[in-house]
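Sequence order for the protein chains is C and L. Take the first sequence: its position 286, counted from the start at 1, is 286 in my numbering, and no numbers get skipped. Count along the second sequence from 1, add 403, and you get the number used in my numbering.
It cannot be assumed that every hint is accurate.
Label-pair restraints from in silico Cβ distances [to be verified]: (1) C:W305 - L:Q806: 51 to 59 Å; (2) C:K233 - L:I727: 17 to 25 Å; (3) L:E714 - C:A394: 36 to 44 Å; (4) L:S613 - C:P118: 51 to 59 Å.
To be clear, the hints were calculated from the coordinates, so they are not data collected in a lab. In this text, a Cβ means the ideal position worked out from N, Cα and C, and glycines have one as well.
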Amino acid sequence: MSMNVQPDLDFIKDMKAAGGDTLKNCFQCATCSVVCPLSSDDNPFPRREMIFAQWGLKDKLIGDANVLLCHQCGDCTAYCPRGAKPGDVLGAIRAYAYKFYGWPKGLANLASSGKNLPMLIGIPAVVILVMWLISGGMHIPSTEAFVHHGYGNFFGHWNFHLLAKNVFFIDLMFLTAAGIAVYGSYKGVTAMWKAMAENAGVGEALYRPSVPQFIKEFFWPAVVEIVEHERFKKCETNADRIRGHLPLMWAFIALLFVTAYSAFAQDVLGIFIPSLHGPMSLWNPVKILANVAAIALVVGTGILWGNRTQMEKDGQSSRTFYDWFLIWMIMAVGVTGIGAELLRLIGIASIGYVTYYLHLVAVMMLFLYMPYTKFAHLVYRTFAMTFERYRDSAYVKNPINEE
Amino acid sequence: MSDTAGNGAVLVVGGGISGLTAALEAAEVGNDVFIIDKNPYFGGRVAQLNQYFPKLCPPTCGLEINFKRIKDNRKVRTYTMTTVKSVSGGPGNFEVTLETAPRYVNSNCTACGDCSDACTDEIDNAFNFGMDKCKAIYLPHEMAFPRRFVLDKDACSEECLSAIKGACKYDAVDTEMQPKVFTINVASIVWATGWDPYDYKKLDNLKPESSSAIITNMMMERMASDNGPTGGKIIRPGDGKEPESFAFVQCAGSRDENHLEHCSYICCMATFKHMTYIRERYPEAKIYVFYIDLRTPGKYEHFREKLMSDENAEFIKGKVADIIAEDDGGVTVVAENAVTGVKMKQKVDMCVLATGMQPALGEAGKALGVAMDGNGFVVSEPEKGMIAAGCAKSAVDVYTSGQSSTAAALKAIQIGR
Ligand SMILES: Cc1cc2nc3c(=O)[nH]c(=O)nc-3n(C[C@H](O)[C@H](O)[C@H](O)COP(=O)(O)OP(=O)(O)OC[C@H]3O[C@@H](n4cnc5c(N)ncnc54)[C@H](O)[C@@H]3O)c2cc1C
Ligand code: HEM
Ligand code: SF4
Ligand code: SF4
Numbered sequence: 001m002s003m004n005v006q007p008d009l010d011f012i013k014d015m016k017a018a019g020g021d022t023l024k025n026c027f028q029c030a031t032c033s034v035v036c037p038l039s040s041d042d043n044p045f046p047r048r049e050m051i052f053a054q055w056g057l058k059d060k061l062i063g064d065a066n067v068l069l070c071h072q073c074g075d076c077t078a079y080c081p082r083g084a085k086p087g088d089v090l091g092a093i094r095a096y097a098y099k100f101y102g103w104p105k106g107l108a109n110l111a112s113s114g115k116n117l118p119m120l121i122g123i124p125a126v127v128i129l130v131m132w133l134i135s136g137g138m139h140i141p142s143t144e145a146f147v148h149h150g151y152g153n154f155f156g157h158w159n160f161h162l163l164a165k166n167v168f169f170i171d172l173m174f175l176t177a178a179g180i181a182v183y184g185s186y187k188g189v190t191a192m193w194k195a196m197a198e199n200a201g202v203g204e205a206l207y208r209p210s211v212p213q214f215i216k217e218f219f220w221p222a223v224v225e226i227v228e229h230e231r232f233k234k235c236e237t238n239a240d241r242i243r244g245h246l247p248l249m250w251a252f253i254a255l256l257f258v259t260a261y262s263a264f265a266q267d268v269l270g271i272f273i274p275s276l277h278g279p280m281s282l283w284n285p286v287k288i289l290a291n292v293a294a295i296a297l298v299v300g301t302g303i304l305w306g307n308r309t310q311m312e313k314d315g316q317s318s319r320t321f322y323d324w325f326l327i328w329m330i331m332a333v334g335v336t337g338i339g340a341e342l343l344r345l346i347g348i349a350s351i352g353y354v355t356y357y358l359h360l361v362a363v364m365m366l367f368l369y370m371p372y373t374k375f376a377h378l379v380y381r382t383f384a385m386t387f388e389r390y391r392d393s394a395y396v397k398n399p400i401n402e403e
Numbered sequence: 404m405s406d407t408a409g410n411g412a413v414l415v416v417g418g419g420i421s422g423l424t425a426a427l428e429a430a431e432v433g434n435d436v437f438i439i440d441k442n443p444y445f446g447g448r449v450a451q452l453n454q455y456f457p458k459l460c461p462p463t464c465g466l467e468i469n470f471k472r473i474k475d476n477r478k479v480r481t482y483t484m485t486t487v488k489s490v491s492g493g494p495g496n497f498e499v500t501l502e503t504a505p506r507y508v509n510s511n512c513t514a515c516g517d518c519s520d521a522c523t524d525e526i527d528n529a530f531n532f533g534m535d536k537c538k539a540i541y542l543p544h545e546m547a548f549p550r551r552f553v554l555d556k557d558a559c560s561e562e563c564l565s566a567i568k569g570a571c572k573y574d575a576v577d578t579e580m581q582p583k584v585f586t587i588n589v590a591s592i593v594w595a596t597g598w599d600p601y602d603y604k605k606l607d608n609l610k611p612e613s614s615s616a617i618i619t620n621m622m623m624e625r626m627a628s629d630n631g632p633t634g635g636k637i638i639r640p641g642d643g644k645e646p647e648s649f650a651f652v653q654c655a656g657s658r659d660e661n662h663l664e665h666c667s668y669i670c671c672m673a674t675f676k677h678m679t680y681i682r683e684r685y686p687e688a689k690i691y692v693f694y695i696d697l698r699t700p701g702k703y704e705h706f707r708e709k710l711m712s713d714e715n716a717e718f719i720k721g722k723v724a725d726i727i728a729e730d731d732g733g734v735t736v737v738a739e740n741a742v743t744g745v746k747m748k749q750k751v752d753m754c755v756l757a758t759g760m761q762p763a764l765g766e767a768g769k770a771l772g773v774a775m776d777g778n779g780f781v782v783s784e785p786e787k788g789m790i791a792a793g794c795a796k797s798a799v800d801v802y803t804s805g806q807s808s809t810a811a812a813l814k815a816i817q818i819g820r
């Protein structure tokens, strides 16, 4: 392994800001690598990552899959004899990596600092407000109309069937935000993969897996493991976190399905069957699923919230904007979503509309900032866990592939 | 009741090598000295060592001469099983209340041992860290000073007690003895309370109680001693196997903010010394030393070099952070080798935890007005008449303890002037 890498002062500064400032205490005893329940025998962490971080070797770290395999269970931090908080340091490296790989850069920089919080809320707030103005839908409906249409006429309505005005505006904004997020994630993940492959010494392999092989052998098993939370279960110090993360993840999967279904129903089928626009019956199985998921989302996030508060109280974790911003955003999405629905059921249009507006703002924040905030772990971690399988597979380890 | 002494009397708390040295230094220039120890004997931790560096001589060579000098010096009054209850007054005129716990054996005792032969109840032998048992009426160790038996009354049945009493020809056993509280007036106090081995059971990630193959460095000292639980054999507790391989876990509980934050300074040297114990008995045994960095005071550099060139010894940079008990009675120690970056799992027959020295005085000292640093070491305050010596002051070897005790005695007698 060559060491022709330069210390990066900017990186060191970022590490401090993000909660990794205990790192200088590390004296390389390697207790952490042994007590870490996720670290492997041949490729242990986080001791090595600690020395790289001390030296400011950013390039080594942003291409280090271990950084993303770490689940921040904090067993290392609990046993570290020097209070170097390796779990937090790795968290800070992840935060840095998401920013580093973020595209577009401006947005990535914006989303990575608590100082920008007013802007971060302001952008979606203004965009949606302006759209609401332009749409001409900006007035509080009568209780009767509210109960009948729900938020279906939030952005007004056109009296022709081909495309509901509301759907148009929602799609315009949210497909754009999602598009940026998906493209940004794609760029980030491919850059990370390349860096990880270089760092792990995965050269030009003679035999590469085909796409279906890749999915079948590496990606899908990783996804299954993630969904089953196998690694969360190994954490000891922070064993309770799984009780929040598991329902939260399932809530997202369910809501993804519900959103896809309702987009199909409203945007495609709705063109032919206008009655599909408007609120679903509470007894519609899809609606039941949506409501259960919404509750799971709020409860799961609540558990994570409490858990993180406790960890910080016990000195096992540092308080950072990076960690809290995600929890706040998801909580905001859940609370405003459930709030808007309840207000619709009670029929209070005025507060309902304002709550719905806030819900849209929260959802847009979550979408738009996904690739740069802690939420980016969703994609980066998934691919790091895929990479780990690839790295340890015959494609890489096979002697034929080694010169 | 009150013991009066001349001007400038000194109280020395703790009768280990440091306390003995300080007491003698002060007494030999003419001051009255009270020396107390909470143990039923003087000598402290050094008495438990097999040999001590630099010269690897047995503890008798240092302690016995001190005991003799104390016996011969009429200025020194000795009190075993005695602790400080309260301190009032100030430098030059302290009033100190002491309490002596009942020994249940009076000064008639000739240490003939008849009582012990008659005794039917046994207790864990504290001197040997519970590795063997001894009778409930016992001489703490072979060269104990004072040479007098001590009775653990609570461990005995009524029948046993009357058997013991009946066996003593000198009427030395007194089961009705009561704690004795008394006050003394002194000009200064020397705290020479030394250290306790850090409680290795607190190292929970090492699961120290999961296997009898896991011992501490002080247990190693006792095992290697001829007067120890195994008569000088280094064998695995439990099954008595002669180990073919050893792992030393350095900094076990030292330099660790979850345990002792300070470096105990001696454990690296102690491990080198223990390698010599092993080599004397097992010339071929494999020895693995896991360390963060090896610290040896300059004066011991030569000793270190010799042992580091041992062909059957391997030194691995990486702290052992997990120990797995194996079915054959051995253990596997786990560490990341920080040089190669790969985890190492080494199976050995015996594992020695190089635990550190924890200041013995503890919280009780604070209540008596003793100043302590964040690690619990006593901070000398000569202007307040309180002076620290030896390991009570910092984790050091015998030689340095001697130096600091001489210095402490000098300061103590100046207060009396
Ligand atoms: C494994 C190991 C091996 C070692 N080997 C060596 C070696 O080879 N060479 C070397 O130079 N050093 C060695 N040392 C260090 C050595 O043991 C110390 O330097 C020495 O014991 C210091 O003596 P001390 O009198 O200061 O303390 P201690 O020996 O601890 O004596 C203190 C005395 O004070 C008494 N006491 C404590 N609290 C109270 C109280 N509240 N009231 C009344 N009495 C009290 C105790 O009962 C004890 O008798 C070793 C240490 C370890 C851990
Ligand atoms: C819908 C998808 C997901 C959501 C909503 C989600 C949400 C969250 C939240 C809110 C936290 C913060 C917990 C805390 O602060 O203590 C978190 C942490 C975590 N998530 Fe997810 N997550 C998702 C997907 C994933 C995926 C795919 C992985 C892949 C392994 C993953 C692994 C982790 C890990 C390891 C942590 C703890 C480490 C850390 O706090 O950085 N998550 N997740
Ligand atoms: S982070 Fe802590 S446990 Fe890990 S090597 Fe550094 S000091 Fe040791
Ligand atoms: S936080 Fe957990 S997973 Fe990450 S390095 Fe520490 S012990 Fe391992």
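Checked hints:
no.: 1; hint: C:W305 - L:Q806: 51 to 59 Å; in the structure: 57 Å, holds
no.: 2; hint: C:K233 - L:I727: 17 to 25 Å; in the structure: 20 Å, holds
no.: 3; hint: L:E714 - C:A394: 36 to 44 Å; in the structure: 40 Å, holds
no.: 4; hint: L:S613 - C:P118: 51 to 59 Å; in the structure: 55 Å, holds
Checked against the numbered hints above, the structure violates none of them.
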